[in-house]
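Chemist: Okay, here's what each chain looks like letter by letter:
There are 4 protein chains.
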Amino acid sequence: MKRIAVLTSGGDSPGMNAAIRAVTRTAIYRGLDVIGFRRGYEGLLDGDGIPLTKSSVGGIILRGGTILRTARSERFRRPEGVNEAYARLKEYDIDALVVIGGDGSFRGAWRLHEIGFPVAGIPGTIDNDIAGTDYTIGFDTACNTALEAVQKLRDTASSHDRLFIVEVMGRSAGFLALEVGVASGAEYVLVPEVPFKIEDLCEKLRYARQRGKTHSMIILAEGVMSAGELASQLKDTGGYEARITVLGHIQRGGAPSSFDAVLASRMGAAAVNSLIEGQRGFMVGYVNGKIVTPPMSTAWEEKRPLNAEMMELVDCLSI
Amino acid sequence: MKRIAVLTSGGDSPGMNAAIRAVTRTAIYRGLDVIGFRRGYEGLLDGDGIPLTKSSVGGIILRGGTILRTARSERFRRPEGVNEAYARLKEYDIDALVVIGGDGSFRGAWRLHEIGFPVAGIPGTIDNDIAGTDYTIGFDTACNTALEAVQKLRDTASSHDRLFIVEVMGRSAGFLALEVGVASGAEYVLVPEVPFKIEDLCEKLRYARQRGKTHSMIILAEGVMSAGELASQLKDTGGYEARITVLGHIQRGGAPSSFDAVLASRMGAAAVNSLIEGQRGFMVGYVNGKIVTPPMSTAWEEKRPLNAEMMELVDCLSI
Amino acid sequence: MKRIAVLTSGGDSPGMNAAIRAVTRTAIYRGLDVIGFRRGYEGLLDGDGIPLTKSSVGGIILRGGTILRTARSERFRRPEGVNEAYARLKEYDIDALVVIGGDGSFRGAWRLHEIGFPVAGIPGTIDNDIAGTDYTIGFDTACNTALEAVQKLRDTASSHDRLFIVEVMGRSAGFLALEVGVASGAEYVLVPEVPFKIEDLCEKLRYARQRGKTHSMIILAEGVMSAGELASQLKDTGGYEARITVLGHIQRGGAPSSFDAVLASRMGAAAVNSLIEGQRGFMVGYVNGKIVTPPMSTAWEEKRPLNAEMMELVDCLSI
Amino acid sequence: MKRIAVLTSGGDSPGMNAAIRAVTRTAIYRGLDVIGFRRGYEGLLDGDGIPLTKSSVGGIILRGGTILRTARSERFRRPEGVNEAYARLKEYDIDALVVIGGDGSFRGAWRLHEIGFPVAGIPGTIDNDIAGTDYTIGFDTACNTALEAVQKLRDTASSHDRLFIVEVMGRSAGFLALEVGVASGAEYVLVPEVPFKIEDLCEKLRYARQRGKTHSMIILAEGVMSAGELASQLKDTGGYEARITVLGHIQRGGAPSSFDAVLASRMGAAAVNSLIEGQRGFMVGYVNGKIVTPPMSTAWEEKRPLNAEMMELVDCLSI
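Quick mapping for you: the protein sequence lines, in order, are chains A, B, C and D. Heads up: the first sequence begins at 6 in this note's numbering, then just goes up one per residue. Heads up: the second sequence begins at 6 in this note's numbering, then just goes up one per residue. Heads up: the third sequence begins at 6 in this note's numbering, then just goes up one per residue. Heads up: the fourth sequence begins at 6 in this note's numbering, then just goes up one per residue.
These aren't lab readings, by the way, just hints derived from the structure by calculation. Watch out, some of these pointers could steer you wrong.
A pair counts as met if it fits within one copy or between any two copies, since identical chains are not told apart.
[What the hints assert, rightly or not] Only pairs whose alpha carbons sit at most 30 Å apart, straight line, appear in this in silico BS3-like list of lysine-lysine:
| hint | residue 1 | residue 2 |
| --- | --- | --- |
| 1 | K59 | K202 |
| 2 | K202 | K308 |
| 3 | K308 | K59 |
| 4 | K95 | K7 |
| 5 | K218 | K7 |
| 6 | K295 | K95 |
Just need the whole structure built from these sequences, with the hints factored in.
Modeler: Below is the structure:
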C-alpha cells in the first residue's frame, strides 16, 4: 500500500477535521501518500483531489466543519457511478479509500468494496444513529451545543413562567434528544423510539401545574414531528401556549469537544493502521471503551437501541 | 427616603439580575430598605413583594434571566391599573420605584410618575432600541450569543457551499442584526431601517457567485420579515435555495458579558443614587461613555438612528 | 429504609450538584426523606444537616461547585471520628449515607461501612483516578475547560513562535493531561505514568525545530513536576525559553458538560436504587457504557492503567 | 497611493485578524494593493512580505492570534533600524504603513513618520492602556475571558469557603482588573493606580468574616505585585491562607467578542480611508462612540485615567 485517499460525505459534524488530520498524519507517519477528495463522492467523480501533507492538516484539529467540504452526490448513486468512481481512484493510483460520514456514506463505500476496492469507514454524524459504535464523531459536541442553548432558554422560560418546546436534530433517532433531555433536567423528552399520545402529555402538564411547576421544557426529537406541529397539538388538545425553538444547523457546527477530538483522532489512526494490516470493508467503532473494526455493513444491518434506563430517568428526576 | 422597590418588566435580558443586585446593595449601602416585586407590574398589583437583602442578591450577578421574574400585565394597562399600583406601593410604604425593562415598561412607570409617584427606569432589553442611551443592558450579550451561533452555522455553510439566512431578534430595529452582521463578516445584512428590493439581493448573490463565492450568509432582522418569507422570495425571484435558522429566545438567555455586567452594575447604582439626590421620572442612560439621567420620556420621544457607516462596512468588507 | 443522607467531600468537581439532585429526587420518587450534610464529614460531625426537597435541588443540575459545600476534615480522620459520625447519623435517623467525592472520601465512608453503617459512593473528581469506573464525574468537563484554555494559548504561541508549557491537574495521574494532549494536538505530553528524561525532550524539540516547527505546546501533568521546574530544566539542559501557564482551579469549576450531567444523573439514581435493593458498601461505576456497583474498596485496591495507545498517538499525530 | 502595507507588532490580542481583514479589504475595495509583513518590524527588516488578497483574509475575522504573527525587534530599535525599514518599504513600493499594536509599536511607527514615511496606527492590546481611544482591540474579549475564569473559580471558592487571589494582566494599568472586578462582583480589586496597604486589606477581610462572608475573591492587577507576593503578605500580616490563580496568556487568546470584531473592522476601514484622504502620523481611536484620528503621539503623551466611580462601586456592591 502506497497511497490512500480520504473524503467526507453527507452532513458535516464537529470532529471531521480531527479525523482528516489523524488519517493524514498516521498515513504519512507510516510512509504513505495521502490524497483528499473535496465535496465527497461528487468531488471524487470530478477528480477534485488534492495532496494532503503534514502541514496542510496543521491547526485544523479543533476547527468546525470539514476542510474537504462535503456534498450529496446523485451521480454516485446511479449504477454506473460506482464504476466511474473506481476508475478515478485507479487514475490517482489510490490503494484504499477512507470515508468519513454517516450510514448513507458507508453504503456508498460498500458498493466500492463489493467491486473490489479497499475501503474503511469512520462514523461522523451528530445523530449517533450508526450501529457498530457506541459513539459517532460529533455527537458529544452536538449534545453540549444543544445543552448550552437549552440552558439559555431555561433562563427565559423560568423568568416568564413559560412552556418551551425545543426541537433538536437526530434524524429518525432520539439519541441526541434523550441525552440533552437528561442533561438539562427537562421535564419531557419525546423521541421516535417511544410512541406517545398528546392526551398523555397534556395530562402530565396539567398535573405538573397543579404541583406548582410554573415553567416546563419539552425536548423534541425532529424524528417525532416538528415543534410547530407539537405546539398546535398542545393548543388544540390542552389549550397550552408553548414557545418553540428549532435549534437547527448550529448543532452541526463549532469546535469539537475534547471527547470528540480524541475519538476522531483515535478512529482516524485506527482506520489507517487497520488498512495497512490488511483489513477491508470495515468501519471503525468505539465499543465499550475500545476501538473495534466490524464489517462496514454492521452500520445498517443492526440497530442501536435507545437506553431505556435513561428514558425512565427523565420522569424520575423531573418530579 | 426610607424604602424603595424594584421590578423587572417586559422581555427578560441578560444582566437584569446584575441590575437588581446593584439597586439592592446600593440602597442598603445608603441605608434604605428594598422590596422586590415579582412578575413585573402584575406582581405589583397582586402585592407579590419580597424583601431583598444583601444575601438574597448574592451570587446572582452573572445569572441569566431575572430572579424577580417578569410578565406582561393587561390589568396595569387599564386606566384604573395605575391607581391600584399606586395604592399598593403606599401600602408597602415604598418611597420610590425602580423599573428595569424596555420602553413599554418605561411608559408604564411614567404613568406612575404623572400621578406623583417617584420612579426611575433602567433600560434592559437585548434590542438596544431605546433612545437616551447608547447601550441597553443585554444587547452586548445577545450580540455575542448570536455571533457564536452564526459562527457555528458558517462551519456548515462553508462545508456544504450553501446559502444561509439567520433571523435575529431586534423587534422593529436593526441594531442587533447590524452588529452581528459586521462582527461575523456576513455577506448581507437586512434591517428595517434600510428598504431593500428582493431583485437587488438576487442580483448581488448572482454577482458573488460569479466572483467565486461558494457560500453566503444573510443576517436578517426579524423586523424586516421572517426567514421563511425571505427564503420563499429568494426562491421565487432568483431560484436560490437557502437554509434558514431562527435564533429565537436563546438570544435572551445566558450569563451577561463583562460589558453588560458592568453596565448593569453602574446603572443600578446610579438609579438609586439619583433617586436619593432627588431626581424623579428619569431613566439611566450610558451616553458617550458616561452615566446620564435624562427624563424617562426620552426613551420614546426620540429615536436612535442606525449607524450608516456600519451599513457601508458590510458591503466593503464582504467583497 | 426511610431516610438517607448525602454529602460531598474532598475537592469539588463539575456535576456534583447534578448528582445531589439525582440522589435527592430519586429518593423522594421512591418514598424516602433526604438530608444533606454541609461541608462534608466536617459538617456531619457538626450536625450541619438540612432537609433536601424536590424544589431545593431545582435549577442546580448545571450549576458548578456543590450547594452542600465541601471540606477536608481532620476530626473525622481521627480514630474516634468515625464513631462520632455514626452517632450523628443515628441522631438524625439516617438509614444510609451517599458520599460524593474521590478515593479519600470513599476511604472515609468505608470506615462507616466497617462499623455497620450502610454507605454508597459516587465518584466525583476531575482527576479520573479512581478504579472501578471508566469515568468520574467532572473529568469530561475539566477536559473541555483545559482544552479551551490550551486552544487560546495556541493562538498566542503560534502568533509569537513560542514554546508553551501548560500544567494541568490530575494529582498523581496523567489521565487529564493525556486526554487534553491528544485533543489539542499538543506536541508533547508528560505524565507520571511514563518516565521521561529531560535530555530526550530537548532532543525532540531540537529535531522539531529542524523540521520547521516554529511553536510547540507541552502538556504537563502536575504529578510529574511543576511547570516552573520544567521550564528551568529546559533552559538549563537545552537553552529553551518556555512560557508557562498553570491552569489551576479553573479546571474544577464551570457548568458540567452534557456527558457529566448525564453521568451524574445516572450515578445518583443508581446509588439510591441500589441502596433500596439492599446493596451496602459499594461505589457506583460506569464501565463499558453500563452502570455497575462494585465494592467501594475497588477504588483504592485496583489501579486504572493509562491508555498506551493514546500515548503513542501523541507522537504519531504531532509529526 | 497605490500600495499599502500592514503589520502586527508587540503582544497579540483578539481581533487583530479582524483588523488585518478590514485593512486589506478596504484597501482592495478602494483600488489599492496590500502587502502584509510577517513578524512585525523584524519581518519588515527581513523583507518578509506577502501579498494579501480578498481571499487570503477570508474566514479569519473571528480567529484568535494574528495570521501575520508578531515579534519584538531589537534591530528596529537601534538608530539605524528605522532607516533600514524605510529602505525596505521603498523596495516594496509601499506608499503607507498600517501598524496594529500597543504604544511601543506606535512609537516605532512614529520614528518612520518622523523621517517622512506615511503611517497609521490601530490600537491592538488587551491592556486598554493607550490614550486617544476609549477601547483598544482585544480589551473586551480579555474581560470576557477573565470573567469566565473568575466565575469558574468562584464555584470552587464558594464550595470550599476559601479566599482566592486572581492575577490578571494589564501591564502597569488596572483597566482589565477593575472591569473584571466589577463584572464578577469581586470583593476586592487591587490596581496600580490606587495605592493600598496590606494592613487595610487584612482589616477588610477580618470585617467581612465577622459579617459572615465565608469566601472572598481578590482581583489583582499584575502591575501591583504578583499573586504569590500578595499571598505571602496576607499570610504574614493577617494569617490568611489564600489560593492563587495566575490567568496568564489565555487572556490574549480566543475568538474576538462581537464588540472587538466590530471595533477592529471599523478601525481597520478608518485607517485606510484616512490615509487615502491624506492623513499622516495618526492613530485610529474610538472616543465617545465615534471613530476619531488623533496624532499617533497622543498614545503616549496623554494618560487614560481609571474610572473613579467604578472603584467605588466595588466597595458598595460587595457588601
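Chemist: With reference to the structure, classify each hint as holding or not holding.
Modeler: So, going through the hints one by one against the coordinates:
| no. | hint | verdict |
| --- | --- | --- |
| 1 | K59 to K202 | between (55 Å within a copy, 27 Å between copies) |
| 2 | K202 to K308 | within (25 Å within a copy, 49 Å between copies) |
| 3 | K308 to K59 | neither (37 Å within a copy, 37 Å between copies) |
| 4 | K95 to K7 | within (13 Å within a copy, 49 Å between copies) |
| 5 | K218 to K7 | between (64 Å within a copy, 26 Å between copies) |
| 6 | K295 to K95 | neither (34 Å within a copy, 45 Å between copies) |
Checked against the numbered hints listed earlier, the structure breaks hints 3, 6; every other hint is satisfied.
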